[in-house]
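The task is to assemble the complex, starting from two chains supplied on their own in separate frames and drawing on the hints.
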Amino acid sequence: MNKFTKNKKGYAILELLFYISFFILVSLVVINAMIVMSQSFKEVTVLSEQLKSGAIMERISREIKQALSINLISSNSLKLNTKDDLDNDKTIEFSFSGTNIEFRENDVLVGNLNTANIIISQLSFTEITTATGKAVKVFLAAKSKNDKYDRQINFYNTIALRGSY
Amino acid sequence: MITFFYNKINKTSLKVNQRGFMVIEILIAISIITISVLSAMAVSQKSIQVSRQALHTTEAAFLLEEGAENARIARDNLWSNFVSINTIEQIGIYTRTVVASSVNRDSTTSDISVSGIDDPDTKLVTVTVAWPEGGTTIVKNLKFYLMNIFNE
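Line order of the protein sequences matches chains A and B. Each step along the first sequence adds one to the number in our numbering, with nothing skipped, and position 24 is 48. Each step along the second sequence adds one to the number in our numbering, with nothing skipped, and position 33 is 78.
Okay, chain B solo, but in the shape it has when bound (with noise of 0.2 Å):
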């Protein structure tokens, strides 16, 4: 008799054991696909962040490109317009500003340098488009010189 029952709360013992370790082993696959859904979720989501972002830098590519040609129009017009150009301009998301700063060239090589004597000549353009970008702000530059080459 005792043995009997012994025998049958182990049966009941073991029968529940056997059911919680089915669970678990359901939990821990549903846990798996799970995580790697969401993963998948998130790469996909990235994906769309970095190919809007992609968008983004070609029509910044194209306002660049833009405020350069702009820059090199002014100068064919007339050199002294060109010189104090300073502008800042909102397209869209996009700020764009185009400065013409003043170079100096070295006075024995002629080359130029950092310190020297202004070449009055010879400007540096800088082509800057800004525009937010998920939080941060996006800057691309366009840096080069423009000489006097009309003689205006």
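Okay, chain A solo, but in the shape it has when bound (with noise of 0.2 Å):
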């Protein structure tokens, strides 16, 4: 009777220690599962930022598309002779500033084209003169506020303004 009382309580203390370990084990496992999702979570949310800033440089694509003539070029602005939909002449222009890219109609500041989480590194415009009009290039490099890596991303592109054809 003793000797099996003696026993059955060894064993309880096996089996316990074993489930403490795996319990241990198996929330270890979960904990770093729950930090690595909210990990993700952040990252996608920093790579959908960086995407918008891609639609930054479609933007300015394609008001270079359209344009017929460029009134002012420098290495960080660029100011475009274009119509506007009634057909009147406009100008507009893109200006890098700080960490925005400003983007004015006619002289008159209309707002940033960068959201307020992108930070823009870099913008350059570069004119190329080809022998049936003008072309240019542009350098777009971006950041997520949110980025704790600091991560660029670079967009290039380079247009023929289609008006001047």
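Worth flagging that the hints you see were computed from the coordinates, not collected in a lab. Do not rely on the hints blindly, as some may be mistaken.
Derived BS3-like pairs: lysine-lysine, alpha-carbon spacing no greater than 25 Å straight-line [said to hold, decoys possible]:
1) Lys172(A) with Lys188(B)
2) Lys107(A) with Lys161(A)
3) Lys185(B) with Lys66(A)
4) Lys66(A) with Lys103(A)
5) Lys89(A) with Lys76(A)
6) Lys91(B) with Lys169(A)
7) Lys89(A) with Lys169(A)
8) Lys172(A) with Lys103(A)
9) Lys188(B) with Lys91(B)
10) Lys76(A) with Lys185(B)
11) Lys169(A) with Lys114(A)
12) Lys89(A) with Lys91(B)
13) Lys89(A) with Lys185(B)
14) Lys76(A) with Lys66(A)
15) Lys91(B) with Lys161(A)
16) Lys185(B) with Lys161(A)
17) Lys161(A) with Lys188(B)
In structure tokens:
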């Protein structure tokens, strides 16, 4: 009887030890998974913001494509002559100021092309003169404010002014 | 006396059995929770991969567009320089190639065809952007025809 109870007690402790260690292992895995999930949520947010900065490049490209001629070009600003919906002349300007891209219509500031979470680290325009017209080479580098690794996304494009053909 | 012992043993074994059943229950519950959390983690990691690929595709799309515009600008400048265009550039993780290849036209219909007579005033431009993505290489192509419309 005495031997029986002793045996039973030892078994329970071993069992308990096994289950506790198993539980610790499982909770470690689960906590790790939770951390990974919250990190990936942040990462996806950063990536979607970087993707949004591609839309800025898209906008600049489209405006250059439709433009008639270059009004003024410097390494970080570009002013284009174009037409509005009613076929009146108008100018549009993209200029790099601080960490933003300012957009002006007829020299009136409309606003920033980038959202508050996107930092523009570089914007440059290069004029290319071809035998039949003009083209502009654009380089845009953007970062996300939420990105702790501070990664830079580079967009390159070259667009010929279709209005000049 | 015998029945008393019998009852006691029976009672103990029942108790042990009941405890074991509870542990198994907890074990199953824990493993279900663990599996579901792990699968949620796998999904979130896949979502990172997919959105990173989307970002790379957007960057590559601009590089493709630029390659096409460059070819068009080369055509605008001088046709004879454009016909032999064959460039390979490395821009960050992206490799861009721009190749102009000859185009054949059917001798009767003058339509572009696989066989026929070579048209020196039409070229097929192929812009390719390739980049490594998680062990594999993704390749995006852009093909278009350019013609010698400026008669140089």
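Find the hints from earlier in the document that the structure breaks and name them by number, from lowest to highest. 1, 3, 4, 7, 8, 9, 11, 12, 15
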